[in-house]
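Kindly generate the complete structure, drawing on both the sequences and the hints.
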Amino acid sequence: MEPDRMIQFQSGSLNVHIIPSKTFKTTTFNIQLNAPLTKETATKRALLSHILQNSTADYPSRQQLRSALEELYGASLTSDVTKKGEHHIVSIRMDIANEKFLKDQTPLMEEGIKLLSSVLLNPNEENGKFNDKVVEEEKRTLAQKISSVYDDKMRYANKRLTEEMCQDEPFGVHVLGYEEDLQAITSHALYDYYHEVLKKDKIDLYIMGDVEEKEIRSFITRYFPTDQTDKGENHQLIERSPIKLKDTPNEVVEEQSVQQGKLHIGYRTDVLYGDDDYFAMQLFNGIFGGFSHSKLFINVREKASLAYYAASRVESFKGLLIVMSGIQSSHYKKASDIIFKQMEEMKHGNFTEEDIVQTKAVYKNQILETMDVPRGRIELEYQNELTENPIPLNEWIERTDSVTKEDIVNVAKKITLDTVYFLKGKEEVTK
Amino acid sequence: MTKQTFDQLQETLHFDKLPNGLHVYVLPKKGFNKTFATFTTKYGSIDNHFVPLGEEEPLRVPDGIAHFLEHKLFEDEEGDVFQEFSKKGASANAFTSFNRTAYLFSSTMNIEDNLETLMNFVQKPYFTDESVDKEKGIIEQEIKMYEDNPDWQNFFGLLKAMFKEHPVGIDIAGTVESINQTTKDLLYTCYKTFYHPGNMVLFIVGNVEPEKILQQVRQNQENKTFPEPEDIQRVTVKEPTEVDEKKVVIPMAVNTGKCLVGIKEHRHDKQGEDLLKQELSIQLLLEMMFGQSSENYQALYEQGLIDDTFSFDYTGEYGFGFSVIGGDSKNPEALGNTIKTMISDFLQQPINKDVVERIRKKKIGYFLKAMNSPEFIANQFTRYRFNDMDLFHVIPMLEALTTESLQETLNDHFNVDTQMSQCLIVPDGEAQRG
Numbered sequence: 207m208e209p210d211r212m213i214q215f216q217s218g219s220l221n222v223h224i225i226p227s228k229t230f231k232t233t234t235f236n237i238q239l240n241a242p243l244t245k246e247t248a249t250k251r252a253l254l255s256h257i258l259q260n261s262t263a264d265y266p267s268r269q270q271l272r273s274a275l276e277e278l279y280g281a282s283l284t285s286d287v288t289k290k291g292e293h294h295i296v297s298i299r300m301d302i303a304n305e306k307f308l309k310d311q312t313p314l315m316e317e318g319i320k321l322l323s324s325v326l327l328n329p330n331e332e333n334g335k336f337n338d339k340v341v342e343e344e345k346r347t348l349a350q351k352i353s354s355v356y357d358d359k360m361r362y363a364n365k366r367l368t369e370e371m372c373q374d375e376p377f378g379v380h381v382l383g384y385e386e387d388l389q390a391i392t393s394h395a396l397y398d399y400y401h402e403v404l405k406k407d408k409i410d411l412y413i414m415g416d417v418e419e420k421e422i423r424s425f426i427t428r429y430f431p432t433d434q435t436d437k438g439e440n441h442q443l444i445e446r447s448p449i450k451l452k453d454t455p456n457e458v459v460e461e462q463s464v465q466q467g468k469l470h471i472g473y474r475t476d477v478l479y480g481d482d483d484y485f486a487m488q489l490f491n492g493i494f495g496g497f498s499h500s501k502l503f504i505n506v507r508e509k510a511s512l513a514y515y516a517a518s519r520v521e522s523f524k525g526l527l528i529v530m531s532g533i534q535s536s537h538y539k540k541a542s543d544i545i546f547k548q549m550e551e552m553k554h555g556n557f558t559e560e561d562i563v564q565t566k567a568v569y570k571n572q573i574l575e576t577m578d579v580p581r582g583r584i585e586l587e588y589q590n591e592l593t594e595n596p597i598p599l600n601e602w603i604e605r606t607d608s609v610t611k612e613d614i615v616n617v618a619k620k621i622t623l624d625t626v627y628f629l630k631g632k633e634e635v636t637k
Numbered sequence: 359m360t361k362q363t364f365d366q367l368q369e370t371l372h373f374d375k376l377p378n379g380l381h382v383y384v385l386p387k388k389g390f391n392k393t394f395a396t397f398t399t400k401y402g403s404i405d406n407h408f409v410p411l412g413e414e415e416p417l418r419v420p421d422g423i424a425h426f427l428e429h430k431l432f433e434d435e436e437g438d439v440f441q442e443f444s445k446k447g448a449s450a451n452a453f454t455s456f457n458r459t460a461y462l463f464s465s466t467m468n469i470e471d472n473l474e475t476l477m478n479f480v481q482k483p484y485f486t487d488e489s490v491d492k493e494k495g496i497i498e499q500e501i502k503m504y505e506d507n508p509d510w511q512n513f514f515g516l517l518k519a520m521f522k523e524h525p526v527g528i529d530i531a532g533t534v535e536s537i538n539q540t541t542k543d544l545l546y547t548c549y550k551t552f553y554h555p556g557n558m559v560l561f562i563v564g565n566v567e568p569e570k571i572l573q574q575v576r577q578n579q580e581n582k583t584f585p586e587p588e589d590i591q592r593v594t595v596k597e598p599t600e601v602d603e604k605k606v607v608i609p610m611a612v613n614t615g616k617c618l619v620g621i622k623e624h625r626h627d628k629q630g631e632d633l634l635k636q637e638l639s640i641q642l643l644l645e646m647m648f649g650q651s652s653e654n655y656q657a658l659y660e661q662g663l664i665d666d667t668f669s670f671d672y673t674g675e676y677g678f679g680f681s682v683i684g685g686d687s688k689n690p691e692a693l694g695n696t697i698k699t700m701i702s703d704f705l706q707q708p709i710n711k712d713v714v715e716r717i718r719k720k721k722i723g724y725f726l727k728a729m730n731s732p733e734f735i736a737n738q739f740t741r742y743r744f745n746d747m748d749l750f751h752v753i754p755m756l757e758a759l760t761t762e763s764l765q766e767t768l769n770d771h772f773n774v775d776t777q778m779s780q781c782l783i784v785p786d787g788e789a790q791r792g
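Chains as they are written, first to last, in the numbering used here: chain A, 207 to 637; chain B, 359 to 792.
Derived by calculation from the structure, the hints in this document are not laboratory data.
Just so you know, these numbers come straight off a predicted model, no measurement behind them.
Be aware that a few hints might be false.
[Stated by the list, open to error] Straight-line Cα separation of at most 30 angstroms, DSBU-like style, residue types lysine-lysine; simulated pairs: (1) A:Lys553 with A:Lys365; (2) A:Lys620 with B:Lys445; (3) A:Lys632 with B:Lys605; (4) A:Lys509 with A:Lys630; (5) B:Lys361 with A:Lys231; (6) B:Lys604 with B:Lys518; (7) A:Lys619 with A:Lys553; (8) A:Lys632 with B:Lys492; (9) A:Lys553 with A:Lys509; (10) B:Lys604 with A:Lys228; (11) A:Lys228 with B:Lys570; (12) A:Lys309 with B:Lys388; (13) A:Lys553 with A:Lys570; (14) A:Lys547 with B:Lys494; (15) B:Lys387 with B:Lys518.
[As the list claims (entries may be wrong)] In silico negatives: residues of chain B with every beta carbon more than 12 angstroms from chain A: (16) Val534; (17) Thr583; (18) Phe704; (19) Glu715; (20) Glu766; (21) Asn773.
From the three backbone atoms N, C-alpha and C, an ideal C-beta is built for every residue, glycine too.
Here you go:
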């Protein structure tokens, strides 16, 4: 299916992307602030994401801002930070009902854009710094969030694997930053950093819904004036950092009083989004561990009954492949042997044409389904802003179809084992 | 076939009740690539005591068997049903809740084939001793995964505190011990009793032609034979009105504590419009009390007792109901006590009409947003259907709620002296920072 055409234009330093669609009852906005991922800025960016979504100059308290959103028929406003490879992205999202489904014709769209603009451009500032009280509150919340990564063992194992694997690379920096850095950030320094973000970050604004281009253009001109957004630096892509291969794979074992062990295995693929063999890599992952018909699911779960989940995913902007499984601690060797064996099978081309056809079908289905969700569609489009080799969405299906078995075996051969991380449970623990 | 049109939402729902008792709904969604279908039986973890079809004596089955059955249906003589779906580009899944088990697929291609697979595998049980045994290892790991999940432990810890006899307090997957008592024969007994088409709903939402797809479903069902539908006799236990325990504390390997406060519903015979009204009223009241725009939220946040994991919800079903409020906290003890005080204080004040209007708008907007999601529509519609409620009455019902009726519900539900329990998750001592 041909995706709806995207309209793009520049307004100041703002790259605006409009995706008109009559499918949804809401309009989705997404502002993406992109900068390199570094240890120095990670914590500030995570904190800034919290500050911006919780108060503005017009609505200085959380309570006032949230009341204003509720008046706009429960417009949702959220912000978070993610990493895409060695990019650190602050996203600010808003979903707002399309007024044509309401009994009273409130001008929701305009009010929504106005509010979104004040979140980005008109924060709760006083005397050249953010409001101290707000900063202190959000520091506390972020500190708690950083510390509770430990509580979700799957997330914790992922974080530990990444730290071990990419110790000397920006990718090893945690997306939420660090508690020890957090306490040192002053409201003044953060406000300065906020201006640096506006000046240096690559800023993309996505709008998806039943909207008129002309109307959107006039709202953008009015509420995101170019004198506030045009500072004219920035906008370069982040360079591909050289991969560091280890001479021998690293093995890290930690112990906690948990019921289930977490086995997370990191491989290097050196295949990034935009590369020629990107789709071959996606299909490799699909056959290996991406879906419920994959080798890991069949062999670790269905045949050996060692796990409830055994899956793999690719980190498309860093060139990593991560395997995750929850197992009984005493089955560490048994489970990892099965996983390693599946990787060998892939490298030797021990999978069938039928496996490929099946995986292509499921992968294509996944792409099309992602397009049915505004947030998903925007994510797919945004990937093209992060690569030197953009792939238009309407070419994805075709490029997937043209992948051959040879292509898949070739990417398989490039994959090298880097780190095995095992969070081991204490055997005696009983409930 | 009947057709119901909802002008404001611009949706049309198609319905047919087949001769074998199956309810089929189709909601066409233009513009979507995907079609989503759920095939759901009114049978969940709480249905652990019943009279098996064709017998006279009630049977108490092992905990977690509805969920076990859900796992096992995915296997047939030829092997794994997931394979059938993925060959046709679909992704399939299933879930078991307190009172229903749903099987589903979503796909952007081969819709007819995938729908055939869905109807056929759910209506064709195939269990062997060997495959039942093999599944025990998998479910054991699923249970262990949840045992390490502090949010899940917090939630079930709270349910166990609130309910003394009712099976809603039993973990949906059961225990390692109970799943080991599960046998092939018991699975067949449960299947025969609860998987009759008369106890099931099929919901299809997506870019489909309603008449064509209904015709396919009719054809598929006509080719199968089922016994005459019979009423299912479920054995219910007598649950005390008041909560069982007021407070439970669970130590776990976590850095951050958690606190959930529960209010146990004492009216559990409501169905249909009454239940819909009850559910929406309490959800609206909870928003007024603890929503992000409330004085209470502001105060809890400023005192550092909550972070953005704080949330609340009300669940109302036939036979049980509860409100849950809480989230992560570095002082779960203080959070629990403060929530209790805040509820008591809220009961003393008159309901603010402006706030009601604002929250009403918010909930209407949220409902519109949820209508973008085929998953939400299919799952919620079915849940509502099993309680004789109608998803498409949500907006009119929200609009009809009055301050007076809200006041009544408020006084009726939020009795913190007898209906309230707390469950706290606290760090077990070995936890580390970072």
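The hints, checked one at a time:
no. : hint                   : verdict
1   : A:Lys553 with A:Lys365 : 28 angstroms, holds
2   : A:Lys620 with B:Lys445 : 28 angstroms, holds
3   : A:Lys632 with B:Lys605 : 28 angstroms, holds
4   : A:Lys509 with A:Lys630 : 23 angstroms, holds
5   : B:Lys361 with A:Lys231 : 21 angstroms, holds
6   : B:Lys604 with B:Lys518 : 11 angstroms, holds
7   : A:Lys619 with A:Lys553 : 5 angstroms, holds
8   : A:Lys632 with B:Lys492 : 25 angstroms, holds
9   : A:Lys553 with A:Lys509 : 21 angstroms, holds
10  : B:Lys604 with A:Lys228 : 50 angstroms, violated
11  : A:Lys228 with B:Lys570 : 24 angstroms, holds
12  : A:Lys309 with B:Lys388 : 23 angstroms, holds
13  : A:Lys553 with A:Lys570 : 23 angstroms, holds
14  : A:Lys547 with B:Lys494 : 24 angstroms, holds
15  : B:Lys387 with B:Lys518 : 41 angstroms, violated
16  : Val534                 : 10 angstroms, violated
17  : Thr583                 : 31 angstroms, holds
18  : Phe704                 : 16 angstroms, holds
19  : Glu715                 : 9 angstroms, violated
20  : Glu766                 : 24 angstroms, holds
21  : Asn773                 : 28 angstroms, holds
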